[in-house]
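Engineer: Residue numbers (our numbering), protein chains in the order written: chain X, 1 to 445; chain U, 1 to 445.
These are computed hints drawn from the structure, not numbers from a lab.
Nothing here was measured: the structure is a model prediction, and the numbers come from that model.
Some clues are possibly wrong.
Any copy, or any two copies together, can satisfy a pair, since identical chains are not distinguished.
[What the hints assert, rightly or not] In silico lysine-lysine, DSSO-like type, Cα no more than 30 Å apart, as pairs: (1) Lys-219 / Lys-194; (2) Lys-202 / Lys-99; (3) Lys-99 / Lys-275; (4) Lys-99 / Lys-5; (5) Lys-5 / Lys-194; (6) Lys-388 / Lys-99; (7) Lys-202 / Lys-388; (8) Lys-388 / Lys-275; (9) Lys-111 / Lys-99; (10) Lys-194 / Lys-111; (11) Lys-388 / Lys-111; (12) Lys-385 / Lys-99; (13) Lys-388 / Lys-5; (14) Lys-111 / Lys-219; (15) Lys-219 / Lys-99; (16) Lys-385 / Lys-202; (17) Lys-111 / Lys-5; (18) Lys-275 / Lys-197; (19) Lys-385 / Lys-5; (20) Lys-385 / Lys-194; (21) Lys-219 / Lys-388.
Number of protein chains: 2
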Amino acid sequence: MSRPKSISGFPEWLPPQRMIEQRMIDHIRRTFELYGFAPLETRAVEPLDQLLRKGETSKEVYLLRRLQAAEGETDEDTLGLHFDLTVPFARFVLENAGKLHFPFRRYQIQKVWRGERPQEGRYREFLQADIDVVDRDELPFQYEAEMPLVLGDALGGLPLPPVLIHVNNRKVSEGFYRGIGLDDPQAALRAIDKLAKIGPGKVTELLAETAGASDAQAKACLRLAEISSPDASFADQIRALGVTDPLLDEGIDELVRVMEVAAAHSPGLCVADMKIARGLDYYTGTVYEGTLRGFERFGSVLAGGRYDNLASAGADRYPGVGISLGITRILGLLFGAGALTVSRSVPTAVLVALPSEERRAGCDRVAAALRGRGIATEVAPTAAKYGKQIRFAERRGIPFVWFPGAEGEADTVKDIRSGDQVEADPATWSPPAEDLRPAVTAAGG
Amino acid sequence: MSRPKSISGFPEWLPPQRMIEQRMIDHIRRTFELYGFAPLETRAVEPLDQLLRKGETSKEVYLLRRLQAAEGETDEDTLGLHFDLTVPFARFVLENAGKLHFPFRRYQIQKVWRGERPQEGRYREFLQADIDVVDRDELPFQYEAEMPLVLGDALGGLPLPPVLIHVNNRKVSEGFYRGIGLDDPQAALRAIDKLAKIGPGKVTELLAETAGASDAQAKACLRLAEISSPDASFADQIRALGVTDPLLDEGIDELVRVMEVAAAHSPGLCVADMKIARGLDYYTGTVYEGTLRGFERFGSVLAGGRYDNLASAGADRYPGVGISLGITRILGLLFGAGALTVSRSVPTAVLVALPSEERRAGCDRVAAALRGRGIATEVAPTAAKYGKQIRFAERRGIPFVWFPGAEGEADTVKDIRSGDQVEADPATWSPPAEDLRPAVTAAGG
């Protein structure tokens, strides 16, 4: 076999990085569960027709075919890898509605795949963590206020740069656009969504072309998009623009509530930001986009919003609200910046040194006793000189080496960082709590 | 959207089952880490040529193609979904050898995919948990004895039927076949591997056809296959057959050692079983196959062995030993038999009742205080009558409902199973430890 190569867009972490990723997933998952979100994992594939419901991303789908597909197998049942966790979740809710309790709160942490062109240097496989709440027929509004708090808590307990969640409400934008006389608020939304990418000049042109906006209307749209506030004061700024519309008022009230709840729970977590549009058509209320402080130029690491028509079949309607967090995206940014580090490359806290091959059974018993008390332990692979065995531990960052005593003598354990060595009994000795598991820290932190 | 359907071979668990699966994964992972295995996750795809190295499974591969593949994109770089975790691991080791410390112990818990024909009713997507140890050039033997102990500990701590690991050694079979004069021991192995499926009569025919075995030679092969023992006594039974061969002796010594180590650590976990052949050509030493007691007729739930040539490129050789555990397979069996149950369908331990919508902020503070102390908490979705709010908790199996006190009165918390209700402060009250998380138990156990 020739030496294999990495594949562009399919990142793989080395074990130390994977330990950091796992620690992150564990904390996120624990936070989601503290909020009562139940775990869900959907299959990796969906029928192609399900995937194509979101027309705009259809080009990014990976389709599957069996290497030895039988003659005459049709494309009718073509399967594709899911490109997000929202479409599979909506499908799962419709398929299993009779077995679920509503409101249904679930989280889902899974890989997704996008058939991006290789040359674009984007991820083609990446890990997402999603939470959603869906209800039957009607969704109580408070879940729109709860979403950012969950994500704030999930990320706040990790050694990451602080997250800032930009919040807007579709009703604000759409109501405002209607209030100034634009007939196609969706087209205006899509134009404003491009503001960061193409700038106000091009957006003005786009608003004229696609939404039929006059210069004055385009200017008003841009003035709305400029409004942001770390509190509920955005409402006065909007009202100062003198536009009235019932949907606009409703949106302002909702957004004020989201900002008040956030301020009570996590001051500084959210900013009301009228330029957040979210390209996807299916959002109908609050929308979210989060960035990491210091990494704003790399774009958002979480996004989501309120939707009403994603999960519906016939008369059944399951409105919902959700946020997707890009775990691979965050780690890619932070690993790239060297901003995260882990104290060792293995879970092992103790290496049991092997005095001679004959004494392996005794060393295995020491290891079993330590493991039985929750202390990750390995026995040295060979009865090499102790210096070599200590280097084995050092190279991996294993903090403690256990030396079995000679006949009639006590065992000792050595902290190979400090050189401290003490007598120890595997039935009672424990490492300091901070050495029990590998420690993940912000580099330099 | 029409009501979606499940896809044959792609199982999806409901949240209560997913909670059971997660508890199982958590315990397995924790055990692997206690033994010092480092986590690894490889990309879901491999280049087709890598996947085809194991010729026998090539027919089961799912290939990927981008829905909007550009004209002129060749099949040269065709990617397929991995069908096991061994091939990707071998590739990863070769690709990253310079960054790894050897012996390298890793575990990997991931989905794999096989493009089985839909009508066969087999899993096409399933979860595997693998451990492997690889070393550079030479692999110390003791890892072959350690493997079953890790799996025994991983499964032993869960409410599952006990696992029985059948162990053999390729050197025993091959040495024996050579010792009786068969020139193609691999062919004999493949024939014996079919014993359980096709019976001794057909195996005798197969041995004649494919391995050129005489009646006497076939009989000897079958007599070897009949030997099994829960201890090291299999060695005397083999020697009583009167066959001598150096490889056979080496294999017997190794298998005795595996059985002795297992007896010292986990009595009853392993059985030496000479009919275990494992179809795959790449095994060179100890081989394993494990079944759940009471579910033997469904076949093995774990399998693996020692290999010498799986990860090698040019002069670099990384011999290893590993076991794959079929998590989806085990859960499919046990869910099918109704053998596992979980105490509630959500992580939530406490539902905070909502006296009126005006008091939501106070209820949110109670919930935040409980969550801050590690107690999974939800606030009721609406200020319905308390009877309805209690039924909300009951339906989900949430054991406690928290009632915020009226102005100047203490809060109370009610165990809705017993009806016991006590005054409580969210800063100090905790549920009994057994109610903190959903409890997974053997049904009826």
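Engineer: All hints, please: hold or fail.
Structural biologist: Status of each hint after checking the structure:
In this assembly of identical chains, Lys-219 and Lys-194 lie within 30 Å of each other by CA distance solely inside one copy; the values are 15 Å within and 78 Å between copies. Taking the closest pair of Cα atoms, Lys-202 and Lys-99 never come within 30 Å of each other, the shortest separation being 50 Å inside a single copy and 48 Å across copies. In this assembly of identical chains, the alpha carbons of Lys-99 and Lys-275 never lie at most 30 Å apart, being 40 Å within a copy and 45 Å across copies at closest. With identical chains, the CA atoms of Lys-99 and Lys-5 are at most 30 Å apart between copies only, with a shortest distance of 14 Å across copies and 45 Å within one.
For a Cα distance limit of 30 Å, the shortest separation of Lys-5 from Lys-194 qualifies neither inside one copy, at 37 Å, nor across copies, at 37 Å. For the identical chains of this complex, Lys-388 and Lys-99 are inter-copy neighbours only, at 19 Å across copies versus 59 Å inside a copy, given an alpha-carbon limit of 30 Å. In the homo-oligomer, the alpha carbons of Lys-202 and Lys-388 never lie at most 30 Å apart, since the shortest distance is 66 Å inside one protomer and 54 Å across protomers. Proximity of Lys-388 and Lys-275 under a CA criterion of 30 Å is satisfied in neither setting, with 61 Å inside one chain copy and 41 Å between copies.
Within a single copy, Lys-111 and Lys-99 get their C-alpha atoms as close as 25 Å, and across copies as close as 25 Å, so both meet the 30 Å cut-off. In the homo-oligomer, the alpha carbons of Lys-194 and Lys-111 lie at most 30 Å apart inside one protomer (27 Å), although the nearest pairing across protomers, at 37 Å, exceeds that limit. In the homo-oligomer, the alpha carbons of Lys-388 and Lys-111 never lie at most 30 Å apart, since the shortest distance is 41 Å inside one protomer and 38 Å across protomers. Within a single copy, Lys-385 and Lys-99 get their C-alpha atoms only as close as 62 Å, which misses the 30 Å cut-off; across copies the closest is 24 Å, which meets it.
Taking CA atoms no more than 30 Å apart as the test, Lys-388 paired with Lys-5 passes in neither setting, with 32 Å inside one copy and 59 Å between copies. With identical chains, the CA atoms of Lys-111 and Lys-219 are never at most 30 Å apart, being 41 Å at best within one copy and 51 Å at best between copies. With identical chains, the CA atoms of Lys-219 and Lys-99 are never at most 30 Å apart, being 50 Å at best within one copy and 56 Å at best between copies. Taking identical chains as interchangeable, the C-alpha atoms of Lys-385 and Lys-202 are never at most 30 Å apart, the minima being 71 Å within one chain and 55 Å between chains.
For the identical chains of this complex, Lys-111 and Lys-5 are neighbours both inside a copy (21 Å) and across copies (22 Å), given an alpha-carbon limit of 30 Å. For a Cα distance limit of 30 Å, the shortest separation of Lys-275 from Lys-197 inside one copy, 12 Å, qualifies, whereas the shortest one across copies, 66 Å, does not. Taking the closest pair of Cα atoms, Lys-385 and Lys-5 never come within 30 Å of each other, the shortest separation being 37 Å inside a single copy and 62 Å across copies. Proximity of Lys-385 and Lys-194 under a CA criterion of 30 Å is satisfied in neither setting, with 65 Å inside one chain copy and 47 Å between copies.
For the homomeric pair Lys-219 and Lys-388, neither the shortest alpha-carbon distance inside one copy (72 Å) nor that between copies (51 Å) is at most 30 Å.
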